[in-house]
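Can you make the complete structure from the sequences, with help from the hints?
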Amino acid sequence: GAVVSQHPSWVICKSGTSVKIECRSLDFQATTMFWYRQFPKQSLMLMATSNEGSKATYEQGVEKDKFLINHASLTLSTLTVTSAHPEDSSFYICSAIGGGPSYEQYFGPGTRLTVT
Amino acid sequence: GNSVTQMEGPVTLSEEAFLTINCTYTATGYPSLFWYVQYPGEGLQLLLKATKADDKGSNKGFEATYRKETTSFHLEKGSVQVSDSAVYFCALSDQVDYKLSFGAGTTVTVRA
Numbered sequence: 281g282a283v284v285s286q287h288p289s290w291v292i293c294k295s296g297t298s299v300k301i302e303c304r305s306l307d308f309q310a311t312t313m314f315w316y317r318q319f320p321k322q323s324l325m326l327m328a329t330s331n332e333g334s335k336a337t338y339e340q341g342v343e344k345d346k347f348l349i350n351h352a353s354l355t356l357s358t359l360t361v362t363s364a365h366p367e368d369s370s371f372y373i374c375s376a377i378g379g380g381p382s383y384e385q386y387f388g389p390g391t392r393l394t395v396t
Numbered sequence: 127g128n129s130v131t132q133m134e135g136p137v138t139l140s141e142e143a144f145l146t147i148n149c150t151y152t153a154t155g156y157p158s159l160f161w162y163v164q165y166p167g168e169g170l171q172l173l174l175k176a177t178k179a180d181d182k183g184s185n186k187g188f189e190a191t192y193r194k195e196t197t198s199f200h201l202e203k204g205s206v207q208v209s210d211s212a213v214y215f216c217a218l219s220d221q222v223d224y225k226l227s228f229g230a231g232t233t234v235t236v237r238a
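Sequences listed follow chains Y and V, in order.
My numbering puts the first residue of the first sequence at 281, with every later residue one more than the last.
My numbering puts the first residue of the second sequence at 127, with every later residue one more than the last.
If you're looking for bench data, these hints aren't it; they were derived computationally from the structure.
Hints may contain errors.
Claimed, not checked - Here are the simulated lysine-lysine pairs, DSSO-like style, with alpha carbons at most 27 Å apart:
(1) K321(Y) with K178(V)
(2) K186(V) with K321(Y)
(3) K344(Y) with K300(Y)
(4) K175(V) with K321(Y)
(5) K300(Y) with K225(V)
Right, dumping it as structure tokens:
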């Protein structure tokens, strides 16, 4: 149980276009989802916290107009990278809370974004 | 704010060797502590956790003890296998907003 999926697993897009990444909790309702960014051989940096039905809370330094987050239901959150540039190329990972009383975060497999 | 300092790698070991990865933390209050593992090409998986002082988390032969007095949560395994090759992340979460703060990650390679 407590499985989180992400789609797509990898995507290549051209500079200036937008790309949407989906994060789904498959077998539980996720009251809160988190979005992280991971650069090669580096740690995960929290980008934002997403609660169902409300606006996402962004970490300091994260451009909310560039990284649009929507948590439309208890099983789905989306991250849209708008007007992508090569520096946005990264590994994006989501996690979800809600599968049990311990508030453990369950992580998706990640999405590799390459902007050319 | 919360922060995690983790021994940097990479670490290369032979099979059956003893593994220790040091992790210390700074936090207000009483955080929960975690070790996550990321195998090549896969997402993060929770390896073990401890939620209060003196708790010992254990899984797959790995252990870590929550030491409040030294603010540490070192990961140990007595006899590693090739399949333990992965990146290991120490992390903490406060019990207010459940946000995770990660260490830098330690790449471990076990050679046969």
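Hints that the structure is at odds with (numbers, increasing): 1
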